[in-house]
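Q: With chain F's structure known, arrange chain S on it following the hints.
First to last, the protein sequences are chains F and S. In terms of this note's numbering, the numbers along the first sequence are unbroken and rise by one, the last being 402. In terms of this note's numbering, the numbers along the second sequence are unbroken and rise by one, the last being 402.
Among the hints, a few may not be true.
Unchecked claim - Here are the simulated DSBU-like cross-link-like pairs (lysine-lysine), alpha carbons at most 30 Å apart as the crow flies:
hint: 1; chain 1: S; residue 1: K236; chain 2: F; residue 2: K112
hint: 2; chain 1: F; residue 1: K380; chain 2: F; residue 2: K140
hint: 3; chain 1: S; residue 1: K112; chain 2: F; residue 2: K236
hint: 4; chain 1: S; residue 1: K128; chain 2: S; residue 2: K112
hint: 5; chain 1: S; residue 1: K310; chain 2: F; residue 2: K310
hint: 6; chain 1: S; residue 1: K140; chain 2: S; residue 2: K73
Quick caveat, the hints were computed from the structure, so don't treat them as lab data.
Protein chains: 2
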Amino acid sequence: MGGDHGPPVVVGGVKDYLKRHDGAGVCFLLHGDEAALRDELARAGLPEGVCEIRHTDKIVAMDEKPAQAMRRGKGSSLWNAIEAVKAGEAAAVVSAGNTGALMAISKLILRMSAHGLERPAIVASWPTMRGVTAVLDVGANIESDAEQLVEFAIMGEAFHQAVHGVERPTIGLLNVGSEDMKGHEEVREAARILREGGFGLDYRGFVEGDDIARGTVDVVVTDGFTGNIALKTAEGVARFISALMRDALTSGLLAKAGALLALPALRRMRQKIDPAAVNGGPLLGLNGIVVKSHGGADARGFGNAIRIAVELARSDYLTKVGDNLKRLTAVLDQPAAPGDGAAMETSK
Amino acid sequence: MGGDHGPPVVVGGVKDYLKRHDGAGVCFLLHGDEAALRDELARAGLPEGVCEIRHTDKIVAMDEKPAQAMRRGKGSSLWNAIEAVKAGEAAAVVSAGNTGALMAISKLILRMSAHGLERPAIVASWPTMRGVTAVLDVGANIESDAEQLVEFAIMGEAFHQAVHGVERPTIGLLNVGSEDMKGHEEVREAARILREGGFGLDYRGFVEGDDIARGTVDVVVTDGFTGNIALKTAEGVARFISALMRDALTSGLLAKAGALLALPALRRMRQKIDPAAVNGGPLLGLNGIVVKSHGGADARGFGNAIRIAVELARSDYLTKVGDNLKRLTAVLDQPAAPGDGAAMETSK
Chain F
55 MGGDHGPPVV
65 VGGVKDYLKR
75 HDGAGVCFLL
85 HGDEAALRDE
95 LARAGLPEGV
105 CEIRHTDKIV
115 AMDEKPAQAM
125 RRGKGSSLWN
135 AIEAVKAGEA
145 AAVVSAGNTG
155 ALMAISKLIL
165 RMSAHGLERP
175 AIVASWPTMR
185 GVTAVLDVGA
195 NIESDAEQLV
205 EFAIMGEAFH
215 QAVHGVERPT
225 IGLLNVGSED
235 MKGHEEVREA
245 ARILREGGFG
255 LDYRGFVEGD
265 DIARGTVDVV
275 VTDGFTGNIA
285 LKTAEGVARF
295 ISALMRDALT
305 SGLLAKAGAL
315 LALPALRRMR
325 QKIDPAAVNG
335 GPLLGLNGIV
345 VKSHGGADAR
355 GFGNAIRIAV
365 ELARSDYLTK
375 VGDNLKRLTA
385 VLDQPAAPGD
395 GAAMETSK
Chain S
55 MGGDHGPPVV
65 VGGVKDYLKR
75 HDGAGVCFLL
85 HGDEAALRDE
95 LARAGLPEGV
105 CEIRHTDKIV
115 AMDEKPAQAM
125 RRGKGSSLWN
135 AIEAVKAGEA
145 AAVVSAGNTG
155 ALMAISKLIL
165 RMSAHGLERP
175 AIVASWPTMR
185 GVTAVLDVGA
195 NIESDAEQLV
205 EFAIMGEAFH
215 QAVHGVERPT
225 IGLLNVGSED
235 MKGHEEVREA
245 ARILREGGFG
255 LDYRGFVEGD
265 DIARGTVDVV
275 VTDGFTGNIA
285 LKTAEGVARF
295 ISALMRDALT
305 SGLLAKAGAL
315 LALPALRRMR
325 QKIDPAAVNG
335 GPLLGLNGIV
345 VKSHGGADAR
355 GFGNAIRIAV
365 ELARSDYLTK
375 VGDNLKRLTA
385 VLDQPAAPGD
395 GAAMETSK
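Just chain F, same shape as in the assembly:
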């Protein structure tokens, strides 16, 4: 029921997913208003047995505060969808609904698997010169200490492997320079743990802001404050340049004629930075798979969020993350080597 468009985009997304991807063995539990969902299913002409409706007439509104949604959300479509994961009925949940509520209720029902995380980390799939880079956290954890940054690295690596099919993803820590002495204490301490922790990650050191679009590494790790601002800044710049380009190519007869000739090439270019092709941000760090679709996504975008959820569910993502987080706890429990004391104490 969530998102700006509700059932049409959710059911349309299921249809799109089945058309474009390998949906063998995938079934959908649709939580929400039975009549509305039944109408949409009839319109979509989906094969029998692929979708099952779980009726509820309670919904969490898009503008509801997380605390309120937690108090009065029980029995809502959002709540029931997450409950189904907890109960083992569903392997993953996909929602275009209220992000704060999805996060709070997921945490309440599924609980965090990562020990230091206050709330799930959100990962963004970022189109780059070399494909797609995973950037996390992009908005959930405002202040992240060294341990959390390492957790993001572990979860981001497993995510990228499962969803983008890269055998051994490379990892970088976002910083203001590539030298060891740069940046604040948390990021330098995280670098030390990643170098010495023996997690088997392909850690490549610090990367800078322009390395994201360059695709220097597969996974870029940062705190939720910086990550959210970097992501939104990038979206703003992309929109600004698109607007300039549109203006330029409609600014006169010659320009319009030129644009017409170049149209197929410009369309192919657009596909490379198509938001629908990268829609779907998993909430990492939970005991279960939860994928957030953009509220304004269309059916194709929602279909891509489903694809991400299915690929995570089919992979050994949860086991792998669990094992690596255990290894992190072991590393952190070790007594610090002489001389490390000061660094450990000053890291928050």
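A: Relative to chain F, chain S alone:
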């Protein structure tokens, strides 16, 4: 002598500045190798008396560490140029040299005027849908407390007024959401001081990453870590989209023909995001005007950095910032109102 190109770009920049802008009464002291500078001046054919050469054969290398540059930099072209400002011989210094050294030596010679600043803040002029937005700090101060963020707001406002000619610039604090409760303690405390401090600033509240390119406010205030990452991320995205566009418009005969027709419009578009037109980042918070040109800038870019320095020197920028910083100190020295104690203590 600094930058990737040395004297040709510096002298070329002087020439470009005099050609494009009102250089009435502006004279230049060129610090560096007399022979090299004399050659360039002859080649440029600049009018007599506009430039005076101050010879030194000592230079600070582009890759020298700031601490080393401070120890052995005395008598170098960089050092002498800053000394000339301190001595009142020059109204401002412009350099394309080693950023860290420029910052360290400026601080040593000119000293900070802002009380809480550890080093100068760098301001970036960012092209937006509505003109130019000033973003600061973009790289010098890794961790910024509430007081420093307010200092950035005060300095950014005076800078924008002096250089971009906006009577009463609007100011926003960069955050992950626009609600009062969002973000970390430092940014919320800075918001409170800006709202209640009575500095006469047109403070508009929190802005998000995508508000920068949208031009929602004239001055965007953030800590140096986030600001540096936002700026470099944006540069990366802009380069990525430009590369995609170039690829698209050279991908076949039709596309090439289209690009040719649209060329004048595309060129006009390029001007709007031309790095040379926004080159020149002042180091704010010093008792004197210091402007950093990009090391790779061309003559036109260096000319723009000169323009920024001249406009700051012609304005009452330094007085205005000084007055407002005094007002800030007065506000911070006031005993906190009941109930504010906890917030003041937790802010670093």
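Q: Need the status of pair S:K140, S:K73: alpha-carbon distance at most 30 Å?
A: holds, 29 Å
Q: Decide if the proposed pair is consistent with the structure: F:K380 and F:K140, CA atoms, cutoff 30 Å inclusive.
A: holds, 21 Å
Q: Going straight from one Cα to the other, do S:K310 and F:K310 come out at no more than 30 Å?
A: Holds, at roughly 14 Å.
Q: Checking one constraint from the list: CA of S:K112 to CA of F:K236, max 30 Å. Satisfied?
A: Holds. S:K112 to F:K236 sits at ~28 Å (cutoff 30 Å).
Q: Take the C-alpha atoms of S:K236 and F:K112, compute the straight-line distance between them, and say whether it is at most 30 Å.
A: With a Cα-Cα distance of about 28 Å, the restraint between S:K236 and F:K112 holds, given a limit of 30 Å.
Q: Holds or violated: S:K128 and S:K112, Cα atoms, limit 30 Å.
A: holds, 9 Å
Going down the numbered hints, you'll see the structure goes against none, and every one checks out.
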